[in-house]
Amino acid sequence: GENVEQHPSTLSVQEGDSAVIKCTYSDSASNYFPWYKQELGKRPQLIIDIRSNVGEKKDQRIAVTLNKTAKHFSLHITETQPEDSAVYFCAASPALFSGGYNKLIFGAGTRLAVHP
Amino acid sequence: EAGVVQSPRYKIIEKKQPVAFWCNPISGHNTLYWYLQNLGQGPELLIRYENEEAVDDSQLPKDRFSAERLKGVDSTLKIQPAELGDSAVYLCASSRGVEDPQFFGPGTRLTVL
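Chains A and B are the protein sequences, given in the same order. For what it's worth, the working numbering labels the leading residue of the first sequence as 34, then goes sequentially. For what it's worth, the working numbering labels the leading residue of the second sequence as 103, then goes sequentially.
Hints listed in this document are in silico derivations from the structure and should not be mistaken for laboratory results. Just so we're clear, the structure is a prediction, and the values are computed from it rather than from any experiment. Cβ atoms here follow ideal geometry from the backbone N, Cα and C, with glycine treated the same way. Among the hints, a few may not be true.
To be verified - Taking beta-carbon pairs under 10 angstroms as the criterion, some of the chain B residues facing chain A (in silico):
no.: 1; residue: Val106
no.: 2; residue: Thr133
no.: 3; residue: Tyr137
no.: 4; residue: Gln143
no.: 5; residue: Pro145
no.: 6; residue: Glu146
no.: 7; residue: Phe167
no.: 8; residue: Ser197
no.: 9; residue: Gly199
no.: 10; residue: Pro203
no.: 11; residue: Gln204
no.: 12; residue: Phe206
no.: 13; residue: Arg211
Can you make the complete structure from the sequences, with help from the hints?
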């Protein structure tokens with residue numbers, strides 16, 4: 034089955050710097066890759082997602098890139114702000130659009146701390 | 103639109119007691135998921151519903167866990183009897199269809215003493 038690895042487990046940056054979180058997946062059939070932000074005690078919040086027919090997607094200060102050959106995808110946050118501090122989870126879903134469904138396999142999470 | 107609603111938000115019980123969690127998905131979302139989130143880890147799928155039918159319960163420990171989604175809207179997840187290792191956050195998520203993004207509720211934090 035699918036396995037998703039996420040690095041780093043913790044990331045500390047200064048306000049205004051960029052942050053990059055990387056994930057690798059094992060199942061080449063995976064074709065949907067969402068990212069969730071979870072603040073302490075709150076729900077995981079979908080912040081951006083990408084499908085395998087797209088190599089990059091951007092939404093204001095966040096962007097996701099996908100390399101299907103290497104089976105890895107990354108989250109990029111530019112101009113970080115203290116309110117970006119949270120745990121970020123990547124996920125991969127195999128077999129979407131191929132008779133399968135959105136069965137998310139999550140990484141272990143990255144705790145991002147943005148210092149003023 | 104209103105988000106996924108879960109209750110209770112917190113539950114403390116003693117081991118061997120039963121416990122139930124309730125979820126109300128986003129209106130119009132036919133697919134409902136229950137996840138388990140252990141501390142410091144990502145969510146893990148327990149069961150998925152398409153309307154009122156459980157179509158993937160392969161990860162649900164059926165000896166003590168049960169779930170239902172009557173009328174294809176609200177859902178309940180039950181544990182009986184609870185064990186110490188069941189302490190975790192139980193998350194509910196919903197999506198419009200099987201290929202659509204999932205949106206999570208705030209979760210129920212269960213502590214088993």
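Against the structure, the hints:
no., hint, verdict
1, Val106, "holds, 8 angstroms"
2, Thr133, "holds, 8 angstroms"
3, Tyr137, "holds, 9 angstroms"
4, Gln143, "holds, 6 angstroms"
5, Pro145, "holds, 5 angstroms"
6, Glu146, "holds, 7 angstroms"
7, Phe167, "violated, 18 angstroms"
8, Ser197, "holds, 6 angstroms"
9, Gly199, "holds, 9 angstroms"
10, Pro203, "holds, 6 angstroms"
11, Gln204, "holds, 6 angstroms"
12, Phe206, "holds, 5 angstroms"
13, Arg211, "holds, 8 angstroms"
In summary, the one numbered hint that this structure violates is 7.
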